[in-house]
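On the provided structure of chain A, position chain B as indicated by the hints.
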Amino acid sequence: MQDHITEQELKDRLSLIERMIAEGRRNTESWGWTFVLWGAAYCLAIAWSAWSHNPWAWPVTVLIAVIVTVVVASSKVGNHPGTTLGRAIGSIWIALGISMFPLFLTLGLSGRLTDQHLFMAVISAMLGMANGASALILRWKAQFACAVVWWVAAVATCFGTDAQSLIVFLVAIFLCQIVFGIYGVIADAQERKRCGPIHA
Amino acid sequence: MPDLPELNPVVHGRLRLALLSLLSGVEEAEFTWLRAKTVATDGNLGAQLSKLEEAGYVAVEKKFVSRKPQTLYRITEPGRQALTEYVQALKQLLGPAIDL
Numbered sequence: 001m002q003d004h005i006t007e008q009e010l011k012d013r014l015s016l017i018e019r020m021i022a023e024g025r026r027n028t029e030s031w032g033w034t035f036v037l038w039g040a041a042y043c044l045a046i047a048w049s050a051w052s053h054n055p056w057a058w059p060v061t062v063l064i065a066v067i068v069t070v071v072v073a074s075s076k077v078g079n080h081p082g083t084t085l086g087r088a089i090g091s092i093w094i095a096l097g098i099s100m101f102p103l104f105l106t107l108g109l110s111g112r113l114t115d116q117h118l119f120m121a122v123i124s125a126m127l128g129m130a131n132g133a134s135a136l137i138l139r140w141k142a143q144f145a146c147a148v149v150w151w152v153a154a155v156a157t158c159f160g161t162d163a164q165s166l167i168v169f170l171v172a173i174f175l176c177q178i179v180f181g182i183y184g185v186i187a188d189a190q191e192r193k194r195c196g197p198i199h200a
Numbered sequence: 001m002p003d004l005p006e007l008n009p010v011v012h013g014r015l016r017l018a019l020l021s022l023l024s025g026v027e028e029a030e031f032t033w034l035r036a037k038t039v040a041t042d043g044n045l046g047a048q049l050s051k052l053e054e055a056g057y058v059a060v061e062k063k064f065v066s067r068k069p070q071t072l073y074r075i076t077e078p079g080r081q082a083l084t085e086y087v088q089a090l091k092q093l094l095g096p097a098i099d100l
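If you read the protein sequences in the order shown, they are chains A and B.
In this text, residue positions in the first sequence follow my numbering: the first is 1, and each later residue adds one.
In this text, residue positions in the second sequence follow my numbering: the first is 1, and each later residue adds one.
If we strip away everything but chain A, and leave its shape as in the complex, we get:
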């Protein structure tokens, strides 16, 4: 049958295979909005706790962010098929959430979370770990850069005054949550635009 097939057609078939395999595995890039949501949640919790010194500022904000994430994610995921890669990335972030929430909730309620530097350093290190693991699996340089920023923030928040460490933490949130999240949303929208119809 290939007597009638041109070299260009054969190359077209190869690029179609590559594009479709990548398309099936692309689900992980549709999560930019969660980074923006959680960036906003962190800022809200910082502002609330700084304003009122309410010990429930962080737990309540985090709980609301979890509920919003679950509701929006379940409506977005819809009929997306599961992949091993998607499950691996999802597991990292779910495990991070499960580790952080009870830890900081109990530290806060027991009154042992008195050192702001330590609190920000631990959060930064944990976020660096999750971003780093995700970036290494996906081979995504932009996310690895976020991991590096979080690791630098984890070290930097141990030094300086309260105000200086807070500024470092806020800069890390802005770069790694807000900016990276918006980048993820834009990259996903552009990728969707590029896909055209495939004829038999």
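It should be emphasised that the hints constitute simulated quantities derived from the structure, not laboratory data.
Note that the structure is predicted; figures quoted are calculated from it, not measured.
Treat each hint with caution, since some may be false.
Computed cross-link-like contacts, EDC-like style, restricted to lysine to aspartate or glutamate with a CA-CA straight-line distance of at most 20 Å [to be verified]:
| id | chain 1 | residue 1 | chain 2 | residue 2 |
| --- | --- | --- | --- | --- |
| 1 | B | K91 | A | D115 |
| 2 | B | K63 | B | E30 |
| 3 | B | K91 | A | E7 |
| 4 | B | K91 | A | D12 |
| 5 | A | K76 | B | E85 |
| 6 | A | K76 | B | E28 |
| 7 | B | K51 | B | E77 |
| 8 | B | K91 | A | E18 |
| 9 | B | K68 | B | E6 |
| 10 | B | K63 | B | E85 |
| 11 | A | K11 | B | E85 |
| 12 | B | K63 | B | E6 |
| 13 | B | K63 | B | E53 |
| 14 | B | K62 | B | E27 |
| 15 | A | K11 | B | E30 |
| 16 | B | K62 | B | E30 |
| 17 | A | K76 | B | E6 |
For chain B alone, coordinates are given in the frame of chain A:
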């Protein structure tokens, strides 16, 4: 000069090739997801999936989720093998013209 390989005609169809490639990267996929990714019409997509099913390259599972019908497709081992052999044949045919 070695014999050039034959391209499997079932796999060679553009939409069928796209479907097999998509399914090779996921565990299983719904009809609606395959339609969204290929931007094919329901009729064309259904016809091409039936051909792949007849060849034994995809398996179909129909079930109800919250009282709504759901059709799930997954690539079978012969389907994965056929796709692999097709890619190898393509590479062999393109020879030095290939730029990967």
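Hints, one by one, checked against the model:
no.	hint	result
1	B:K91 to A:D115	61 Å, violated
2	B:K63 to B:E30	11 Å, holds
3	B:K91 to A:E7	11 Å, holds
4	B:K91 to A:D12	12 Å, holds
5	A:K76 to B:E85	36 Å, violated
6	A:K76 to B:E28	18 Å, holds
7	B:K51 to B:E77	16 Å, holds
8	B:K91 to A:E18	13 Å, holds
9	B:K68 to B:E6	42 Å, violated
10	B:K63 to B:E85	32 Å, violated
11	A:K11 to B:E85	16 Å, holds
12	B:K63 to B:E6	38 Å, violated
13	B:K63 to B:E53	17 Å, holds
14	B:K62 to B:E27	15 Å, holds
15	A:K11 to B:E30	28 Å, violated
16	B:K62 to B:E30	10 Å, holds
17	A:K76 to B:E6	42 Å, violated
Checked against the numbered hints above, the structure violates hints 1, 5, 9, 10, 12, 15, 17; every other hint is satisfied.
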